[in-house]
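Number of protein chains: 2
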Amino acid sequence: MTLSSEEIRTELKRAGMRPTAQRLTICQYVLNQANHPSVEDIKAWVDDKFPGISLATVYNTVHALETAGLVQAIRFDHSDKVIYDSNTEPHFHFLDEDSGTLLDIQPEQVQINLNLPEDVLVNDISILIRGKRQ
Amino acid sequence: MTLSSEEIRTELKRAGMRPTAQRLTICQYVLNQANHPSVEDIKAWVDDKFPGISLATVYNTVHALETAGLVQAIRFDHSDKVIYDSNTEPHFHFLDEDSGTLLDIQPEQVQINLNLPEDVLVNDISILIRGKRQ
DNA sequence: TTTCTATTTAGAATCATTCTAAAATACGCC
DNA sequence: GGCGTATTTTAGAATGATTCTAAATAGAAA
Chain A
7 MTLSSEEIRT
17 ELKRAGMRPT
27 AQRLTICQYV
37 LNQANHPSVE
47 DIKAWVDDKF
57 PGISLATVYN
67 TVHALETAGL
77 VQAIRFDHSD
87 KVIYDSNTEP
97 HFHFLDEDSG
107 TLLDIQPEQV
117 QINLNLPEDV
127 LVNDISILIR
137 GKRQ
Chain B
7 MTLSSEEIRT
17 ELKRAGMRPT
27 AQRLTICQYV
37 LNQANHPSVE
47 DIKAWVDDKF
57 PGISLATVYN
67 TVHALETAGL
77 VQAIRFDHSD
87 KVIYDSNTEP
97 HFHFLDEDSG
107 TLLDIQPEQV
117 QINLNLPEDV
127 LVNDISILIR
137 GKRQ
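In order, the protein sequence lines correspond to chains A and B.
Numbering (our numbering) for the first sequence: 7 to 140.
Numbering (our numbering) for the second sequence: 7 to 140.
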């Protein structure tokens with residue numbers, strides 16, 4: 007899903023966030039172009055379009071986006087950095103161990119059957135599949 | 007699985023690690039008693055039995071255990087700390103969101119069917135189920 | 001023992017992230 | 001358009017987990 011500049015503005019306002027130039031630029035990357043970026047990735051990309059943006063602003067913005075439900079912070083074993091996922095629909099992940107790329111796996115691609123004690127109420131299932139392409 | 011002091015010695019030697027007093031104490035906790043401890047947890051427990059042990063030694067030891075394949079480092083969204091898992095058999099995890107406890111889920115309790123492109127070779131699947139007990 | 005190498009250690013260094021407080025900016029209101 | 005106020009941005013300091021460094025110590029083999 008790609009959002010126009012105007013749609014990003016609208017999303018930010020809906021979330022009670024002022025659509026500042028910094029935020030619009032960050033969102034252009036995080037919500038549209040990036041694939042599971044870290045803060046470092048975001049900063050590097052945004053630096054080009056918005057020289058002088060501060061690292062604190064990137065952190066502030068991803069936190070605000072997280073609170074607004076526009077992105078989700080995730081953390082995997084293979085990296086010590088938080089990455090941000092703009093896909094807010096339920097889905098899983100595939101890590102290509104050769105390239106380090108993280109791809110989305112649609113729920114339809116995964117059938118799970120849990121056999122848990124009756125008193126367990128499941129709120130969320132997260133799955134990371136690691137592998138290679140032959 | 008609980009290992010005797012002697013068995014821990016043997017395991018360490020087999021891994022090419024000298025069974026020092028510090029390592030034996032750390033293993034007693036990490037391999038036997040602890041449940042997915044963080045380095046902080048380990049340090050706190052070991053401090054009692056081995057006053058003056060250095061934090062660096064705890065880090066050194068868990069890294070050596072990891073290299074030896076005796077533990078696995080894991081990282082979850084809900085914490086920024088690495089935790090160590092002494093269960094080296096394939097298994098999954100359940101996070102009790104009320105207590106913060108992390109429990110093992112046996113592979114038998116989970117049936118998965120993946121529908122992935124043919125050229126994908128799966129090496130590992132990690133699953134975290136979050137929920138509550140009613 | 002002696003010697004050699006692995007291990008431990010305190011403390012400094014690093015890296016990601018958060019905090020702080022001041023300056024800049026957006027936006028509603030006149 | 002200009003004003004006032006709450007929000008946002010910012011540089012830099014602070015924090016917290018982890019790694020590094022270099023010197024002291026302790027296993028193990030001869």
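Just so you know, not all the hints are guaranteed correct.
Each computed PhoX-like pair below joins lysine-lysine, with the alpha-carbon atoms no more than 25 Å apart [stated by the list, open to error]:
no.: 1; chain 1: A; residue 1: Lys-49; chain 2: A; residue 2: Lys-87
no.: 2; chain 1: A; residue 1: Lys-49; chain 2: B; residue 2: Lys-87
no.: 3; chain 1: B; residue 1: Lys-138; chain 2: B; residue 2: Lys-87
no.: 4; chain 1: B; residue 1: Lys-87; chain 2: B; residue 2: Lys-55
no.: 5; chain 1: A; residue 1: Lys-87; chain 2: B; residue 2: Lys-55
no.: 6; chain 1: A; residue 1: Lys-49; chain 2: A; residue 2: Lys-19
no.: 7; chain 1: B; residue 1: Lys-19; chain 2: B; residue 2: Lys-49
no.: 8; chain 1: B; residue 1: Lys-87; chain 2: A; residue 2: Lys-87
no.: 9; chain 1: A; residue 1: Lys-55; chain 2: A; residue 2: Lys-87
Hints were generated in silico from the structure; no laboratory data involved.
To see whether the hints hold, each was checked on the structure:
no.: 1; hint: A/Lys-49 / A/Lys-87; verdict: holds, 14 Å
no.: 2; hint: A/Lys-49 / B/Lys-87; verdict: holds, 24 Å
no.: 3; hint: B/Lys-138 / B/Lys-87; verdict: holds, 22 Å
no.: 4; hint: B/Lys-87 / B/Lys-55; verdict: holds, 23 Å
no.: 5; hint: A/Lys-87 / B/Lys-55; verdict: violated, 34 Å
no.: 6; hint: A/Lys-49 / A/Lys-19; verdict: holds, 23 Å
no.: 7; hint: B/Lys-19 / B/Lys-49; verdict: holds, 23 Å
no.: 8; hint: B/Lys-87 / A/Lys-87; verdict: holds, 11 Å
no.: 9; hint: A/Lys-55 / A/Lys-87; verdict: holds, 23 Å
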